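Knowing the structure of chain X, use the given hints to seat chain Z on it.
As they're listed, the protein sequences go chains X and Z.
If you're matching positions, the first sequence starts at 1 in the UniProt record's numbering and goes up one per residue.
If you're matching positions, the second sequence starts at 1 in the UniProt record's numbering and goes up one per residue.
Derived from the structure by calculation, the hints contain no laboratory data.
Fair warning: there could be bad hints in the mix.
[As the list claims (entries may be wrong)] Footprint (simulated), chain X over chain Z, 3 or more residues, beta carbon under 8 Å: (1) 100 to 114; (2) 123 to 133; (3) 265 to 279; (4) 291 to 301; (5) 391 to 402.
[As the list claims (entries may be wrong)] Which stretches of chain X does chain Z cover? Using the computed rule of at least three CB atoms under 8 Å from a CB of chain Z, they are: (6) 303 to 310; (7) 401 to 409; (8) 487 to 497; (9) 502 to 508.
Computed from a predicted model, the values in this text were never measured in an experiment.
No residue lacks a Cβ here, since even glycine has one placed at the ideal position from N, Cα and C.
Here is what each chain is made of, one letter per residue.
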Amino acid sequence: MKSITDAVQTSQHVQTVTDRLERADLWMVALAAASALVAFLVVLPMFWLVWQASTVELLRAYDLIVSSQTARITANSIGLMLFVTVFSIVLGVPLAVLTTRTDLPYPRFWTVVAALPLVIPSYIGAIAFTGMFGSGGEIDSLFGVSIPRIDGLSGATFIITLYTYPYVFLTTRAALLSMDSSLPDAARTLNAGPFEAFRRVTLPQIRPGIAAGALLAGLYAISDFGTPAFMQASVFTSMIYWEFGNFNVEYAALLALQLVAIVAVVLVIEAGIGRDEDASGGTRVGSTIRLGIWKWPAMGFVSALGVVTLVVPVTIFTSWLFRSEGDPIPSLEFQWEFAFNSMYLAVLAALVACAFALPVAYYSGRTNSLVSRILERATYVGFAVPGVVIGLALVFLGTRTLPSFYRQGVWLLVFAYVVRFLPQAVGTVRSSVLQVDDKTIEAARTLNAGRIETFRRVTLPAIMPGLVAGAVLVFLTTMKELPATLMLQPIGMDTLVSIIWDAQNALAYRYAAIPALLLILISGFSMLVMLFQEEGDLS
Amino acid sequence: MTNTDASDARSLTGRRRFLATTGLSAALVSGLAGCLGNGDENGDAGSGGGGNGGGSGGGAVADADPLGAPVDPSGVTWDDLGDLEGEITIYSGRTPDQIDLVFEELENEYDGLTINRDYDDNDVQVNQLEQEGDATPADVFYSQDPGALGAVHDMGLVQQLPSDVVETVPESYREPSGYWTGVSGRVRSIQYNEDRLDEVPGLDSWDDLPTDIFEYATDDRFEGIISTRPNSGTFRGFIQAMVDLEGENATRQWVRDFMDQDPQLFSGGSDQAAAVERGGDDDPIIALGNSYYAARLVNEDPNSPIRVAFTEGDAGALFSVAGVAVTNTVDDPELVAEFVRHLVAVEGQEFMMDDNGEFPVVEGVDYVGPLPGPADLDSPTYDISAFDMELQEANELLEDEGMMPL
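Chain X with its partners taken away, still in its complex shape (with noise of 0.2 Å):
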């Protein structure tokens, strides 16, 4: 009798279990659903690509791939890529660890300073480097002293390092606070020197987060053409210009298909280096690093570079509210109104990509498929294609689609963005979705709370900070972002940015300096507000 007893117990649990499993299954495949239906939604411009590609004939499509010119800047491309990576590496974690492993004094004020550089739109810090510099440059002026022109290819690989080294700067000390800082010390009493507790212990951990920051700096790189153009550096981008400067979409669309085939290279690489590893395990306090008479250098090479990358283009736009007056241009007179519409554009973009990004991060996040990965990755596409391109792929998908609504509001615009900036939402929240201990959302399910509770109370609050940091991050690209701007706006609604650009046409500098000042206070807030969020819910 027991023993039948214990076999219809038996079956009954099998029973539950395999119900739990099927309702597990049914949810994990409701969220691969999700993810998969946003990758399509920003995979969709490339389809416009490849049409628009196709119908280039095949000689010409031959001619193009394999010219001398085509070879020339794509190794210019990828030499602007893997620098201003490398470099950004290089500056990025150092900056990192000294911010939150060290005694290093006032921190909060030094990352407020190692993380600004991202609200300055790279091009704008090269028209203020190429005002600054070089002989007749400001300097020049003022001093009597030539400091050498940056300008070409290693220009263009200086000004777009020191305006996106932040991404992984970010990233790094994101990884470094939440993993488990008594690690090292345990590595130290074994007798493990600093260094070698560091690249043992403390490397592995954070890597991903490296890694990820890496990619956006990266990617960031070879689809800018702003910068490159402003330093007369040829690479990818220009090519592309060049055929849509020409009226050839098409060939500019086979171009940007390249483009989007070593983005594509480089996106796997990325997915082997940053595989992930378990950064979780708590916040313990570990010992801090004794920078003891280092800690002058430090400050200074922060401080340095702060006034190179802060200091030096904000004081360039100062000095243009002075500049001698012409004829007034009344198009170009400030207005409240710009700055509205940017932050008003900014939080919907933002917003959008956050409610796009949960998915996706968080099915990549909780299972490692090779599905859940290219999903994931999918998303970086619109990252690395300039925004022209994304921007024209859009207008035609949009007078396609929704004839009527097309340029009636800013839902397009808003979609663009998304499309262009999702891989900074994915990204953040996907490291923080890591996080997240299986043990944790096990326990709240014990207690009987269900999937969306356990989600709303658990997941959720741990995963607000990938989330706020992604938001902020998208925030402020947007706020920064033009082409697209450009193109999809509503008819007549300026932005900062729209006016700093028709100001520089112009060479009316002086109707930039206040909409550039007042992007970088708007973006700098913005960016406050994600540091000490991260920082409050850490201690």
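Just chain Z now, kept in the frame of chain X:
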């Protein structure tokens, strides 16, 4: 010999030089556009019926009767024209500082008029119009580049203008059948830094600058100090003009020689002019570019050392136009037609001269502002809509010879 008077100074310095001595808005120029004077009889193809194709809701602008008096080559004022009422959406490749004032003036003149302006890169606008097709919200495409206007015509995106407009503008400034028309003239120039000219052996003043565009490619003295901007529409127009005048081989040779000068190639006209103005050791002293970039810099800073001179009788002084085309799907053909009439009427033309330092395209409009009279002008006639060479071929020529931006 006492000549501080501006007009004296102008006659003294002759006809090739851009006078930047006063802060007058977009103070201009001498030396161009001989073509202004020779009015071709207008083409007879202009008044044909209907646009080409025409999409949903589109109307034929060519059939829209004038709301007031029709425009004609002798110059018609805004008072004679009909009222503008309604909404027009304009895609502009020109920048707001150049054109917004005209729109504003029209909106002030007519209470019921709203002009929606969309400013973007000229090339982007063409590509965008192509992708939008009949779903475009634009009624009018306003461009500084005849090549771009030709491109939207080739893509079948625009329709014919009313016959009175077509008959008002000389054929060399518009598409022969009236699919687009020039509205104002502009000119290619040699920009130079006045303070640095003496760094070039044998150049003591602007007067010593060559008057032949070929010398800028072959004269060793310009090696390393000259610059241009190959991705600009007007530079391609310049290449097309040279092919027209000198043949393709000579043009290729010019490009090859010019590239041997180790020129700096800019991708933005503003950047280029700013570099000439800055005058650092690595900056170009001389640049091929449009005159108005220099005019803007002088306008912003009267002490700016940038000046402009012109070559004589060759493609270097290409007289080109900025102009408009109307899309296939205009909402209100009468309004759009009347709008274009306003641009080629007297006040519209004067506005371009006064505020932009551009030239009129309508013969019957008198010169106003600091412009040279027709006697001072020297530039061959180009029929800019009928270059032998297509825009695309011009680009390919540049590509072949290794002259790409950057």
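* Asked: Taking 8 Å as the C-beta cutoff, is the stated coverage of the segment 265 to 279 of chain Z by chain X satisfied by three or more residues?
  -> holds (count 10)
* To do: Examine the segment 391 to 402 of chain Z for residues whose CB is less than 8 Å from any CB of chain X, and state whether their number is three or more.
  => holds (count 4)
* Asked: Are there three or more residues in the segment 291 to 301 of chain Z whose C-beta lies closer than 8 Å to some C-beta of chain X?
  -> It holds, with 6 qualifying residues against the three required.
* **Per-stretch coverage check for the segment 303 to 310 of chain X, three Cβ contacts closer than 8 Å to chain Z** => The restraint on the segment 303 to 310 of chain X is violated, since only 0 of its residues have a Cβ under 8 Å from chain Z and three are required.
* Counting residues of the segment 100 to 114 of chain Z that have a beta-carbon nearer than 8 Å to any beta-carbon of chain X, does the count reach 3? -> Holds: 3 residues of the segment 100 to 114 of chain Z have a Cβ under 8 Å from chain X.
* To do: Between the segment 401 to 409 of chain X and chain Z, see if three or more residues pass the 8 Å beta-carbon test, and mark the coverage as holds or violated.
  => Our answer is that it holds, as 3 residues pass the Cβ test (under 8 Å) against chain Z, meeting three.
* Asked: For the segment 487 to 497 of chain X, do at least 3 residues have a Cβ located nearer than 8 Å to some Cβ of chain Z?
  -> holds (count 3)
* Asked: Three or more residues of the segment 502 to 508 of chain X near chain Z by CB distance under 8 Å?
  -> holds (count 6)
* Has the segment 123 to 133 of chain Z got at least three residues whose CB is nearer than 8 Å to a CB belonging to chain X? -> holds (count 9)
Comparing the model with each numbered hint stated earlier shows that hint 6 is the single one that does not hold.
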